[in-house]
Amino acid sequence: MIIREMKEGDIEGVSQVCLDAFSDSVAGSLSDEGIATFTAIASPNAFAERMKADNRMLVAEDNNGEILGVVELKEGRHIAMLFVTPSQQKGGIGRRLLTAVLKYARSEIVTVSASLPSVPAYQKYGFKLKGDVGELSGLVYQPMEVSTNQKVSPCF
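Residue numbers (this note's numbering): 1 to 156.
A hint or two may mislead.
To be verified - FRET-style restraints, in silico, Cβ to Cβ:
(1) L19 to Y104: 35 to 43 Å
(2) S23 to E135: 17 to 25 Å
(3) M51 to V133: 25 to 33 Å
(4) A36 to N63: 31 to 39 Å
(5) N64 to E108: 36 to 44 Å
(6) E49 to S29: 34 to 42 Å
(7) Q16 to D132: 31 to 39 Å
(8) E5 to G91: 20 to 28 Å
(9) T39 to R106: 42 to 50 Å
(10) N64 to D32: 33 to 41 Å
(11) P143 to E66: 27 to 35 Å
(12) E66 to G134: 30 to 38 Å
FYI, nobody ran anything at the bench for these hints, they're computed from the structure.
Nothing here was measured: the structure is a model prediction, and the numbers come from that model.
We put the beta carbon where it would ideally sit given N, CA and C, even for glycine.
Assemble the whole structure, with the sequences as input and the hints as a guide.
Here you go:
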């Protein structure tokens, strides 16, 4: 497996990984509005637009070129996406993606608006809860942050 910069040709596969993982672990806890909001955010067109912005996007790819996961760092300070294809979760891909993208952080603190089902994973990675659970456009999230001075926690 390799971690590399996302390319335009990856957009469809990245979108599908996000939608599959979201459907598998997050969608069941959200309203129809939240599902529609995420579907729009994870669409190929939305990824293409964000690739033009100040976002660093990395993918995990297997030896056959299949996209296994994606991470998106917005403006060098916020994890906007971190998804791994459901069949590959809990195998260290998310940790590797996060470790790789944090090297591009431009602030001492990196934040994430974690879906509630993903909070335990982020805690294992060293993120701390920061504030109360919020909701925006039907997406329910827990604000979290990690210091870029610390390493992502090792595998358990």
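Right, here's what the structure says about each hint:
1. L19 to Y104: 35 to 43 Å: violated (25 Å)
2. S23 to E135: 17 to 25 Å: holds (20 Å)
3. M51 to V133: 25 to 33 Å: holds (30 Å)
4. A36 to N63: 31 to 39 Å: holds (36 Å)
5. N64 to E108: 36 to 44 Å: Cβ of N64 to Cβ of E108: about 38 Å, so the range 36 to 44 Å holds.
6. E49 to S29: 34 to 42 Å: At 27 Å between Cβs, range violated.
7. Q16 to D132: 31 to 39 Å: For Q16 and D132 the Cβ distance comes to about 33 Å; the hint holds.
8. E5 to G91: 20 to 28 Å: holds (22 Å)
9. T39 to R106: 42 to 50 Å: The hint (42 to 50 Å, Cβ to Cβ) is violated, given that T39 and R106 are roughly 30 Å apart.
10. N64 to D32: 33 to 41 Å: Holds - the Cβ-Cβ distance for N64 and D32, about 36 Å, lies within 33 to 41 Å.
11. P143 to E66: 27 to 35 Å: holds (33 Å)
12. E66 to G134: 30 to 38 Å: holds (34 Å)
Of the numbered hints stated above, those contradicted by the structure are hints 1, 6 and 9, listed in ascending order.
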